[in-house]
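Got chain W; can you put chain A on it based on the hints?
As they're listed, the protein sequences go chains W and A. Under the numbering used here, think of the first position of the first sequence as 1, with each following residue one higher. Under the numbering used here, think of the first position of the second sequence as 1, with each following residue one higher.
None of these hints come from the bench; they were simulated from the model. Source: prediction; values computed, not measured. Do not take every clue at face value.
[Claimed, not checked] Derived lysine-lysine pairs resembling DSS-like cross-links, with alpha carbons at most 27 Å apart:
id, chain 1, residue 1, chain 2, residue 2
1, W, 75, W, 9
2, A, 503, A, 287
3, A, 287, A, 130
4, W, 75, A, 503
5, A, 581, A, 503
6, W, 75, A, 287
[What the hints assert, rightly or not] Some chain W residues near chain A, calculated using beta-carbon distances under 8 Å:
id, residue
7, 80
8, 82
9, 86
10, 89
11, 97
12, 98
13, 105
14, 106
15, 108
16, 109
17, 114
18, 115
19, 117
20, 120
21, 121
Glycine included, each C-beta is placed from N, C-alpha and C at the ideal position.
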Amino acid sequence: MSMVPTLLKVEGLSKSYGGVHAVRSVSFELRAGEILALIGPNGAGKSTCFDMLNGQNMPDSGRIHLLGEDTVGRKPRAIWRLGVGRTFQITATFPTMTVRENVQVALVSYGRQLFNFWGSTAAYAREEAGRLLDLVGMGAYAERPCGELAYGDLKRLELAIALANQPRLLLMDEPTAGMAPRERIELMRLTASIAREQSIGVLFTEHDMDVVFEHADRILVLNRGSLIAEGSPEEVRGNPQVRAIYLGEGLVYDARHREGAGA
Amino acid sequence: MAFYFVQFLTGLASAASLFLVASGLSIIFGVTRIVNFAHGAFYMLGAYVAFTLTERFSGALGFWGGIVVAALIVAIIGVLVEMVLLRRIYHAPELFQLLATFGLTLMVQDIVVMIWGPDDLLGRRAPGFKGAVDFFGQNIPSYDLFLIALCPIVLGILWLLFQRTRWGVLVRAATQDRDMVAALGVNQKWLFTSVFALGVFLAALGGALQIPRDAVHHALDLRIIVEVFVVVVIGGLGSIIGAFVAAVLVSELNAFGILIFPKISIILVFLVMAVVLIVRPWGLFGKPEAAARRTPGLTVTPWRPLTSGERLMSLGALVLAAMMPLFAGNYALTVGSEIAIFVIFAASLHFLMSVGGLASFGHAAYFGLGAYGVAFLAKAAGLPMIVSLLLGPVLGLLGAAIFGFFAVQLSGVYFAMLTLAFAQIVWSIAFQWVEVTGGDNGILGVWPERWAASPANFYWLSLGITALVVTVLRVMVFSPFGFALRATRDSPLRSEAIGINGKRVQWTAFVISGTVAGIGGALFAYLKGSVFPDSVGISLSVDALVMVLLGGVETVSGAVIGAIVFKAANIWLVSQTDLSKLVLGGFIVLMVVAFPKGIVGTLETIRNRRRSADTKSALATSRIEVAE
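Same shape as in the complex, but just chain W:
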């Protein structure tokens, strides 16, 4: 395990809004090829954490090392250039383009052709776009208008777009939100197989515990901004604090308190 490079190293990440500590002193690491789930109840700080990793939100303190570089204060597009793919909780695609064109735009950007005024986009990296679409099972829909796609297909398209810059790390915010149960499992299975094959690290947040426990190599549990547990699915499943949070036994406050005292 020690031979596998660390992709992401987070140390003491904190963010507060007014008096509310949305995220407090969170630290963790992610290695290449590893699938790491970030879970926790609503308001635990998952999205704030994610936005800080992605460059959409500035942490109050703490360090983020992405692929060997300090990325605090960098813009999302700069972080993308380092080799980070991103999918959103609510899909963000280009509805007035075809499915293939959606991927081609990302490839254009990756090839640094954004300020090419004379070429033909239709011909640019056509095969590569097709290959990425085939990879996520969307090859047959390549010429369809993106605005006509069903939600599950949009999620797949987003994955193809996120893979366009040959990322070494994927950040996926609730990748299966809003999908039917069968689609969820298919999408995560697909993501996991691509990640393992290409040795891409994946960090994802998720509410569906079936998805989490089936696919994550390791799980981080956030509650009220603090990391309260970390470990393999089995370890986390057996953790009494986590059980308390998810089963709502009224021990949440105590659990957090003890964690804070221990740290």
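Same frame as chain W, now just chain A:
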């Protein structure tokens, strides 16, 4: 010292009307999310109606009663407008709302001239406030002092209305989340109507209160609306306090700016606006807007390059157009050149507006800058025509580079208001800097050289440049840059997440678009042989918007078709009627309500529907065959 204090008070007095109109605009925007372009028209109507009433009824009661009744009458007109027109377009993209309310403004301009005549009207002095107060040897009109006192009183009344009444609570709630208010069972229709009535009342009151200070004339509407846009951009749309502070700020800048730069005092306001926009893009008291509705947002059919058949057809049309000098007379050829030039202008706006999703309401600025550029080079520097034609548009490029940098920091209605304000600044400079631009008299004698002087030759020149420009823009639409631009328009979030620097892409598009508009303007200067401030005017900017809209905002070829149809109809209309603004305004309103896809968009829809009907029937037959 006393002089400066009096200047300060004059500024405060001017702020009163500005605040009334701006707060009305802000309140309406807060609840209905419509930027009411017609607000200046309501202001002007208030002034005219108050003029009539105060002339008819004498005495203090006649005057003050007349002012309030005038505002009420205009508010009732506003209610009618809201019920008949705005209710149909609350869910339309904001570009359409701006255009529809602009159409109203145009109509009101002609109606006002029909009723009150084209001359300036001098209103009465206010009873009880006719004199002046002496302040260390300087005179302050007592009416100014009245206005200065009125401003905070109105602010206080509005505050009480919004904080202390049930209606005010509903309005504040709707400003935060209209869907939630609707879900709670509040009758939105009447809430919207009453808010609109209040906003219009404030605008009309602002106009009515101006009559003792200022002559009433039919260009008041555009003058005030531009200032109001500047005020709400600085203060923040939707904030009444913001409107108050910014109205005072802008009026004071005007009052003192005139001392520093007597000719171009508006420069000072512009500088302040630029600083505010960099520091707080959503205004001093505004809140960052949630992501705007997708512009234009009517269809999702992806764009396709022309098929080889369509290319052949376009080439055929061009050859046909090029044959026009063989059979058409000189007048027709001049009209043909003008249409070609407006195709360039419309295509340049289309690139920014349809491809980039940035609806500029002041695109004439860059057209006009190109025209002035040519005039300076040809007249002042005496350069040959070819050189002037090539270098003239550079002025458009420079203008677009400077203004565009600020404009692309914003989007949606803010972008529209800002571009309009910029265009108005360029217009003021062209109008006021007489030594350089000739002011209202323009620059005359910009004639083409001998080789291009005959109508046929000039027509070929215009047509050739138009064909070239339209082709280049079309190639760019389908180039990687064009896709990056569309990506930024479609989803700023996703385009940032795939490494696209959206602001830089949009700025580049703005510069391209402004340069192309400048090319159109350069040709226009030679066609007319002169340049006037009109080439920078708002009405020209709106013509361009209407051309793109008429052709179809969401199509690639719409601008070309729209420009040809609109310009031809416009030239014909002006020769037929004096009420061309009324007809044009009515036409814009009708188009927005009934025909939002434009000519090309409608044709494409029909074609797609037929195609999908074909595939469906084919599917049905194949199923039947299988069944058999």
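Each hint tested on the structure:
1. Only pairs whose Cα atoms come within 27 Å are accepted, and residue 75 of chain W paired with residue 9 of chain W is accepted, the gap being roughly 18 Å.
2. For the hint linking residue 503 of chain A to residue 287 of chain A, the alpha-carbon distance of about 20 Å falls within 27 Å, and the restraint holds.
3. Restraint check for residue 287 of chain A and residue 130 of chain A: not satisfied, since their Cα atoms lie roughly 42 Å apart, outside the 27 Å limit.
4. Straight-line distance between C-alpha atoms of residue 75 of chain W and residue 503 of chain A comes to about 13 Å, which keeps the hinted pair within the 27 Å bound.
5. With a C-alpha separation of about 36 Å, the suggested pair residue 581 of chain A and residue 503 of chain A falls outside the 27 Å cut-off, and the hint is violated.
6. For the proposed pair residue 75 of chain W and residue 287 of chain A, the alpha carbon gap of about 22 Å is at most 27 Å, so the pair holds.
7. Interface restraint check: residue 80 of chain W against chain A, minimum CB-CB distance 5 Å, threshold 8 Å, status holds.
8. A least Cβ separation of about 10 Å between residue 82 of chain W and chain A goes past the 8 Å threshold, and the interface hint is therefore violated.
9. Checking residue 86 of chain W against chain A: minimum C-beta separation of about 5 Å stays under 8 Å; hint holds.
10. Annotation: residue 89 of chain W was flagged as interfacial toward chain A, and the flag is violated, the nearest CB pair being 11 Å apart, outside 8 Å.
11. With a least beta-carbon distance of about 5 Å to chain A, the hint placing residue 97 of chain W at the interface is held under the 8 Å criterion.
12. With a cut of 8 Å, the hint placing residue 98 of chain W at the interface with chain A holds, because the nearest CB-to-CB distance is about 5 Å.
13. With a cut of 8 Å, the hint placing residue 105 of chain W at the interface with chain A holds, because the nearest CB-to-CB distance is about 5 Å.
14. Here the hint on residue 106 of chain W is kept, as its CB sits about 4 Å from the closest CB of chain A, short of 8 Å.
15. Satisfaction of the interface hint for residue 108 of chain W is found here, the shortest Cβ-Cβ separation to chain A being roughly 4 Å, below the 8 Å cut-off.
16. Given the 8 Å rule on beta carbons, the hint for residue 109 of chain W holds: about 4 Å separates it from the nearest Cβ of chain A.
17. Nearest Cβ of chain A to the Cβ of residue 114 of chain W: about 5 Å, under the 8 Å cut. The hint holds.
18. With a least beta-carbon distance of about 6 Å to chain A, the hint placing residue 115 of chain W at the interface is held under the 8 Å criterion.
19. Annotation: interface hint on residue 117 of chain W holds; nearest CB of chain A at approximately 5 Å, less than 8 Å.
20. A least Cβ separation of about 6 Å between residue 120 of chain W and chain A falls short of the 8 Å threshold, and the interface hint therefore holds.
21. Checking residue 121 of chain W against chain A: minimum C-beta separation of about 5 Å stays under 8 Å; hint holds.
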